[in-house]
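Please build the complex by placing chain E on the supplied structure of chain P, with the hints as guidance.
Residue numbers (our numbering), protein chains in the order written: chain P, 150 to 434; chain E, 220 to 581.
Because the hints were derived from the structure by calculation, they are not lab data. Among the hints, erroneous ones may be present.
In silico DSSO-like links for lysine-lysine, alpha-carbon gap of 27 Å or less [said to hold, decoys possible]:
(1) K294/P x K457/E
(2) K258/E x K340/E
(3) K430/E x K567/E
(4) K294/P x K439/E
(5) K574/E x K457/E
(6) K457/E x K338/E
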Amino acid sequence: MRREAPQRLSDYGPLAFPAIMLTVFFVIPFGTMIAVSFFQRQQGGFYTPAFVFSNYERFLSLFFAHVLGFSLMLAVLVAVCCVCIGVPFTYLMTKMSRRAQIVWMVALLSVLSLSEVIIGFAWSTLLSRTAGITNLLVTLGLMEKAVALSPGFPAVLTAMVYQALPYTILVLYPALVRLDPTLTEAARTLGASPLRAFFTVVVPALRTTILATLIMVFIFALGSYLLPQILGRPQHWTLSVLITDQAIYQSNMPFAAAMAVFLVLVTLGMVALTLFAGRKREEST
Amino acid sequence: MKKLLNSSISRRAVLGGTAAAIGALSMPSILRAQDRSIKVGVYGGYFKDSFDKNIFPDFTAASGIAVESVAEPTGEAWLVQLEQAAKAGVAPADVSMMSQVAMLKGQSTDLWAPIDTSKIKNYDGLLEQFVNKYPDGRVAGIGAVAWYITLVTNTDSYPEAPDSWAALWDPANADKLGLLALVSNSFLLEVTAKTFMGGTNALDTEEGINKAFEKLAEVKPNVRLWYRDEAQFEQALKSGEIPMGQYYHDVTGLAAADGHPVRSTFPKEGGIQDSGCWALSRASDKVEEAHVFIDYMSQPEIQATLSRKVGTAPTLKRDLLDLTPEEFASVSSDIEPIIPRYDLYQTKSDWLNQKWTELIVG
Numbered sequence: 150m151r152r153e154a155p156q157r158l159s160d161y162g163p164l165a166f167p168a169i170m171l172t173v174f175f176v177i178p179f180g181t182m183i184a185v186s187f188f189q190r191q192q193g194g195f196y197t198p199a200f201v202f203s204n205y206e207r208f209l210s211l212f213f214a215h216v217l218g219f220s221l222m223l224a225v226l227v228a229v230c231c232v233c234i235g236v237p238f239t240y241l242m243t244k245m246s247r248r249a250q251i252v253w254m255v256a257l258l259s260v261l262s263l264s265e266v267i268i269g270f271a272w273s274t275l276l277s278r279t280a281g282i283t284n285l286l287v288t289l290g291l292m293e294k295a296v297a298l299s300p301g302f303p304a305v306l307t308a309m310v311y312q313a314l315p316y317t318i319l320v321l322y323p324a325l326v327r328l329d330p331t332l333t334e335a336a337r338t339l340g341a342s343p344l345r346a347f348f349t350v351v352v353p354a355l356r357t358t359i360l361a362t363l364i365m366v367f368i369f370a371l372g373s374y375l376l377p378q379i380l381g382r383p384q385h386w387t388l389s390v391l392i393t394d395q396a397i398y399q400s401n402m403p404f405a406a407a408m409a410v411f412l413v414l415v416t417l418g419m420v421a422l423t424l425f426a427g428r429k430r431e432e433s434t
Numbered sequence: 220m221k222k223l224l225n226s227s228i229s230r231r232a233v234l235g236g237t238a239a240a241i242g243a244l245s246m247p248s249i250l251r252a253q254d255r256s257i258k259v260g261v262y263g264g265y266f267k268d269s270f271d272k273n274i275f276p277d278f279t280a281a282s283g284i285a286v287e288s289v290a291e292p293t294g295e296a297w298l299v300q301l302e303q304a305a306k307a308g309v310a311p312a313d314v315s316m317m318s319q320v321a322m323l324k325g326q327s328t329d330l331w332a333p334i335d336t337s338k339i340k341n342y343d344g345l346l347e348q349f350v351n352k353y354p355d356g357r358v359a360g361i362g363a364v365a366w367y368i369t370l371v372t373n374t375d376s377y378p379e380a381p382d383s384w385a386a387l388w389d390p391a392n393a394d395k396l397g398l399l400a401l402v403s404n405s406f407l408l409e410v411t412a413k414t415f416m417g418g419t420n421a422l423d424t425e426e427g428i429n430k431a432f433e434k435l436a437e438v439k440p441n442v443r444l445w446y447r448d449e450a451q452f453e454q455a456l457k458s459g460e461i462p463m464g465q466y467y468h469d470v471t472g473l474a475a476a477d478g479h480p481v482r483s484t485f486p487k488e489g490g491i492q493d494s495g496c497w498a499l500s501r502a503s504d505k506v507e508e509a510h511v512f513i514d515y516m517s518q519p520e521i522q523a524t525l526s527r528k529v530g531t532a533p534t535l536k537r538d539l540l541d542l543t544p545e546e547f548a549s550v551s552s553d554i555e556p557i558i559p560r561y562d563l564y565q566t567k568s569d570w571l572n573q574k575w576t577e578l579i580v581g
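Okay, chain P solo, but in the shape it has when bound (with noise of 0.2 Å):
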């Protein structure tokens, strides 16, 4: 199939229903957003068009500075071991035969179906006192008695991984799967060992794919705000949290709205930090 520029305004038309629904669905309630965000806040009430500041101004707090900061370092965090358990996983998925690969995607599609409320309470079960997984270390005699491991970090982790890897996974393969395998060969007819030869030519010609997914996943658990509190402590809490309790507890809009535009920015910031530095390395390499 020859693919051909567009000639006329004509040839534009199939973009017109995308264009629309993302006017619609997206620009216009962000711009709503922003607006809102400069409302004034009517304490005991709700909120009245103004053009103040004084919503960015509460948020500019080392309280928030800091809540901000452990939820960048949150999705961070789940980005990395997400690529780094998805990146391998999907490799070895791709060696397999095709019935084997299916059998895979429907697992782990099947993950995708999972509510983040049932992916929390099942998780916060696993890792109880009484119910948990640490019942089955007893029986088995590795560990004395029986330790709740939830609530805390390693538990709103470990959630937040096994939410979002499916996700990686189904990015990464296309690419995977695409993936020349001659080039592996040429590795191993060189002397290079399985293991080597993965992490010399495998991974770099992936750069590309495994930074755009590393992205994805991070945006994709910065919005996170379930989990942590199913299966964290209050200093876990991410700002997506507090953007909650403000919109839906304290009918604060112009705050929750400054709150998520900070956060949107922020995240922006990020993410061309992350493709500039990309295309530096591209370059220099």
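Relative to the frame of chain P, chain E by itself:
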């Protein structure tokens, strides 16, 4: 049959025709109901289901007014919707069940139509805390349902029931408590004030509130879970994973009746009594029907039915009710309750919320 299928009438048309026929058959009742009807907003889920099943059909039978129940979200989203609709002169529900803080916020914009108390026969029998008034004395809302948050324990972990909220501060309970996560739904400032500072009046001044926060900070090492989601704590309480905390008296009673090792105790300082009001939107034109509805709901028999079937605490004085001591104990207590300082959550909400968040997160 085959002939019918082969005829020019498509299957879809047959289905549509059937639906229309069923609609026409049920039309008379709708028409009759349309003479007098009222839209009532009730918290979605358990409350709405219970009211639809146990209360509204009897009301329609008694008054001839059809009820269309509307599931309202908890939190303040419903207040925002009512407010914006009222500005446009529309009422998504005529009468709504509203939380106390939402009542106060609605008052600030005159959202609630004043209620004519002469049309509420049992007005004088209502407990004082269940009449919500504007500062100038007009009645904005009448108590709909009330419930208690009490001290709950797992009976396997605590063979002896604790008798005071002070148990939350006991160092022996380190990492064992489940408490509500928000200042405005846990009411722990009031609990602190009542337990250690002589009463909730201690929260009148900012200095008093700061003292209560300081005292409350001592609870932190004992807390394992700050929950927003009720199911999360209930499960942990039943299994003994988190053996003590604050929770709803009625639900804990139901769990105990199902054989779970849990109990709810009214501490000697009193349980926390929270409640919802019936309030009429100023945009509603069903003022007459709304009064009939609120009057009906405030009868002793209906309040007793609510206690028995829905598990809420009665809004009327106890001597008016025919509840047995056991029935009364399953929903309420004679110990004077801790009544939340709703006014603070209106006038100082942002400050309280910020201090609270910093306290538990920091």
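For each hint, the structure was consulted:
1. K294/P x K457/E: 20 Å, holds
2. K258/E x K340/E: Answer holds: K258/E to K340/E is near 22 Å, not above 27 Å.
3. K430/E x K567/E: 16 Å, holds
4. K294/P x K439/E: The hint holds at about 26 Å.
5. K574/E x K457/E: It is violated: about 32 Å lies between the C-alpha atoms, which goes past 27 Å.
6. K457/E x K338/E: Given pair K457/E, K338/E is violated - Cα atoms ~45 Å apart, limit 27 Å.
This entry does not satisfy hints 5 and 6, going by the numbered hints stated previously.
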